[in-house]
Amino acid sequence: MIRRSILNLLSPKKPAESIEEMGSRQLLMPFVRGGCDGCGKCASACPSGAIDVGKEWTIDLGKCIFCMDCVGECPLSAIERVPSPLYALKREDLVFGASRPPGPAGGALDEPTVAALGESVSIRELDTGSCNGCEVEVNCMSNPYYDMGRFGLKIVASPRHADMLLVTGPMTNNMRKAALDTFEATPSPKVVVAMGTCAISGGIFAGGDVSGEGVGDTLGVDLFIPGCPPPPERAVLAILRAFGRQ
Amino acid sequence: MRLGDPIACDPALLAQYVKAYCDEGWRVVSMFASESSPGSTVNVLLRRGGEVARVASETVGSYPAVSALVPAASVFERAMWEMSGVVPEGHGYLVPAIYWRKGDGHPLQKAPYSIDGEERVPLPNNPIRGAGLFEIPVGPVHAGVIEPGHFRFSVAGEPILEMRVHLGYAHKGIEKMMEGPVSRNRAHLAERISGDNAVAHSLACAHIVEGDAPVPRRARQIRVILSEIERIHNHLDVLAGLCTDCAFSVAAAYGSEVRERLLRANREIFGNRLLMGNVVPGGVRNDLSREDVSKLEAAVMHAGFGAKKLEGYIRRTPSVVDRLETTGVLRTEDALRYGTVGVVARASGVASDVRAELPYEEYGALSFNPVSLKKGDVMSRAAVRADEIVESVSLILQCTSEMEEGEIRRGYETPDGLSCGIVESPRGELVHCADVRDGEVWRYSIRDPSFVNWPAMEVAVLDNIVPDFPLINKSFGLSYSGNDV
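Heads up: the protein sequence lines correspond to chains A and B, in order.
Our numbering applies: residue 34 is where the first sequence begins, and numbers increase by one.
Our numbering applies: residue 92 is where the second sequence begins, and numbers increase by one.
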């Protein structure tokens with residue numbers, strides 16, 4: 034009896050988090066508002082080549098692995114940590130600089146697709162060679178804290194049952210054919226989501242002979258979710274918002 | 092760890108040399124070819140308890156296969172053959188292991204090489220044939236949320252008569268990417284060899300980069316804490332996954348809840364749910380404040396309670412126990428034959444644990460009981476994991492109670508020559524080796540524990556029914572990305 038009450042104390046019976054709770058946590062990204070003299074130390078410290086100091090200081094969130102190595106490198110301490118946007122609908126929308134500072138993400142997928150798919154979205158996760166960090170987080174999306182099933186999002190076992198391909202990994206040479214087959218097997222209309230830095234640009238693996246440069250070259254991507262890996266609540270919220278909910 | 096001068100031998104005698112070592116109780120832990128003029132040096136790394144030895148042989152073109160005498164070398168030779176172009180003559184099963192590409196030259200040789208076309212070379216059918224026998228191909232896109240891999244089951248009715256694992260879908264050429272000037276920061280890439288084992292991989296990489304100079308004591312303690320948290324969350328994932336796979340949803344939900352709380356604590360304390368970016372060459376990145384330590388202690392204790400409660404759920408539910416016991420038995424002789432490591436080996440009666448045998452960081456100063464069971468079935472592997480979580484909690488608490496203020500980073504210098512980093516990742520013994528020549532990493536070899544454990548699964552599934560395969564696979568808990576590098 035006593036043992037049981039201790040254990041209950043340790044795991045309170047709390048319902049899954051509300052959308053507000055999930056949205057209250059930020060994923061911080063490095064950003065320079067001003068005061069950069071273009072010395073390029075941050076760019077050479079960046080392991081995935083996300084920073085460009087050529088014309089103005091810009092960061093490509095689709096390449097950033099959120100390691101924050103650049104923050105300590107700046108001799109002028111000009112790099113600050115700011116909240117990153119949840120998602121983007123176009124690849125170029127992930128590049129930020131002083132002339133285009135990061136703000137809350139907006140916009141929804143195209144109207145006919147959203148209307149055809151409705152409120153309940155069946156998701157097929159497709160790993161194209163990720164490090165398995167994203168798989169950890171996709172699995173967490175269904176745990177009792179996020180419980181994406183309550184929003185009508187569910188993982189299905191076959192691409193033939195799916196409305197959405199949630200693609201992770203840089204699209205390795207060895208996975209490309211299987212990914213194309215999976216895409217073909219998914220009925221239209223369908224939505225392709227690139228989840229994580231690898232899927233968006235190849236991330237830290239970009240530039241390899243066989244590692245691939247992201248999903249975009251092989252499949253058309255409708256929704257980009259940055260993060261390395263993106264925490265589960267961000268992936269859930271990004272999908273909901275892109276479908277025009279909340 | 093710097094490796095001393097090797098035992099040099101003629102390539103014609105390499106197999107006999109390795110066999111002689113193995114007869115004395117040594118085990119092949121890694122094998123890789125490093126290009127030299129005119130051919131390649133085949134390095135065989137062996138370990139017996141705390142002793143590490145290297146047998147090296149200068150080969151040109153081909154050499155008699157080691158696997159003809161030592162089966163554990165088989166998968167290494169397959170990878171060496173396709174990645175470095177060293178042909179093991181008389182190898183019984185020479186199919187590609189990870190690369191699967193046609194073209195001139197080989198990716199791990201220095202000369203330029205080409206890749207022909209987009210397609211992988213076709214997968215071979217299983218050798219077994221007969222009337223009423225079916226071959227079931229599975230993957231690389233699976234029904235669950237897991238990584239890509241291809242399995243071929245030969246079945247007569249329900250029981251599996253033969254299973255072959257074909258991996259390489261996640262092959263990204265990380266070994267090649269690791270080459271270059273030693274000064275480059277490799278920690279982030281190492282973490283992403285296998286994301287759920289980020290700490291172990293970056294630690295093995297750091298051991299190579301740091302040479303033999305020890306990092307500050309506080310950093311060593313924090314590294315132990317990070318490694319053990321990683322072990323807890325990986326083991327919890329497997330326990331919860333086992334419950335999912337036998338449709339025991341209540342326990343699965345409980346297990347994933349316990350794990351999620353730990354991942355959240357990771358984010359709060361270390362800034363990343365999977366602990367990425369914390370181990371850096373020379374020490375650790377983030378120091379722990381007093382509040383951090385008390386949060387950490389609460390979080391891991393909760394995880395420890397949770398793991399035991401979860402194990403209790405499993406043990407008290409006969410229908411689940413029935414699925415787990417006597418399923419997927421890996422016998423002790425097979426575990427030894429394939430050179431398996433980690434939880435898989437320890438559940439089959441092979442008590443091998445790098446933390447106890449070859450202590451690194453602060454492990455030598457801490458006390459823990461290596462867990463080992465004999466039966467080798469899915470239940471034993473689950474039980475080993477549950478018990479190891481408790482040991483991990485104890486290790487973490489030992490560290491936090493003895494922590495003293497101090498620095499957490501120190502300068503380091505990478506020595507030339509061959510060195511290796513051997514750590515106990517959540518999956519088992521993990522080995523990184525680097526051949527550093529004149530300040531350049533000439534060859535970097537990564538041997539994830541999954542690499543040696545996958546072949547053992549090919550025998551563990553025999554005579555089991557196909558619906559039990561997901562359980563067996565989950566109980567092994569192997570990485571595809573780490574295997575394919």
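These are computed hints drawn from the structure, not numbers from a lab.
Virtual Cβ for every residue (Gly too), placed ideally from N, Cα, C.
Heads up, some of the hints might be wrong.
Claimed, not checked - Only pairs whose alpha carbons sit at most 27 Å apart, straight line, appear in this in silico DSSO-like list of lysine-lysine: (1) Lys123(A) with Lys47(A); (2) Lys223(A) with Lys187(A); (3) Lys193(B) with Lys210(A); (4) Lys399(B) with Lys110(B); (5) Lys465(B) with Lys400(B); (6) Lys267(B) with Lys210(A); (7) Lys399(B) with Lys465(B); (8) Lys466(B) with Lys386(B); (9) Lys110(B) with Lys201(B); (10) Lys267(B) with Lys74(A); (11) Lys187(A) with Lys47(A); (12) Lys386(B) with Lys400(B); (13) Lys210(A) with Lys223(A); (14) Lys210(A) with Lys187(A); (15) Lys47(A) with Lys193(B); (16) Lys193(B) with Lys110(B); (17) Lys47(A) with Lys201(B); (18) Lys399(B) with Lys47(A).
What the hints assert, rightly or not - Far from chain A by the CB rule (all over 12 Å, computed), these chain B residues: (19) Leu185; (20) Ile237; (21) Ala247; (22) Ala343; (23) Asp413; (24) Thr418; (25) Trp533.
To be verified - If we take Cβ atoms under 10 Å as the criterion, some of the chain A residues that face chain B in the derived model are: (26) Ser51; (27) Ile52; (28) Met55; (29) Phe99; (30) Ser163; (31) Thr205; (32) Cys231.
Restraint check, 10 Å cut-off on beta carbons, for Cys231(A) near chain B: With Cβ-Cβ at 8 Å, under 10 Å, it holds.
Verify the proposed pairing of Lys386(B) with Lys400(B), using a straight-line Cα cut of 27 Å. holds (21 Å)
Beyond 12 Å from chain A, beta-carbon-wise, is Ala247(B)? For Ala247(B), whose nearest Cβ neighbour in chain A is about 26 Å away, the distance exceeds 12 Å, so it holds.
Given Ser163(A) as an interface hint, is the shortest Cβ-Cβ distance to chain B below 10 Å? holds (7 Å)
Below or equal to 27 Å on CA atoms is what counts here, so check Lys267(B) against Lys210(A). Roughly 23 Å between the alpha carbons, so the hint for Lys267(B) and Lys210(A) holds.
Confirm or reject: Trp533(B) is not an interface residue toward chain A, with every Cβ-Cβ distance exceeding 12 Å. holds (18 Å)
Does Thr205(A) meet its interface restraint, that is, does its C-beta lie within less than 10 Å of any C-beta in chain B? holds (6 Å)
Lys47(A) and Lys201(B) were given as a pair; does the straight-line alpha-carbon distance stay at or below 27 Å? Violated, at roughly 58 Å.
Against the 27 Å threshold, does the CA-CA distance of Lys223(A) and Lys187(A) hold or violate the hint? The hint holds at about 15 Å.
The hint names Ser51(A) as touching chain B; please verify it with the least Cβ-Cβ distance against 10 Å. Given a least distance of 16 Å, the restraint on Ser51(A) is violated.
For the pair supplied as a hint, Lys193(B) and Lys210(A), is the alpha-carbon distance within the 27 Å limit? Distance ~15 Å between Lys193(B) and Lys210(A) Cα, so the pair holds.
Under the criterion that the straight-line Cα-Cα distance not exceed 27 Å, is the pair Lys466(B), Lys386(B) satisfied? Outside the cut-off at roughly 37 Å; violated.
Violation of the numbered hints given earlier is confined to hints 1, 4, 8, 9, 15, 16, 17, 20, 22, 26, 27 and 28; the remaining hints are satisfied by the structure.
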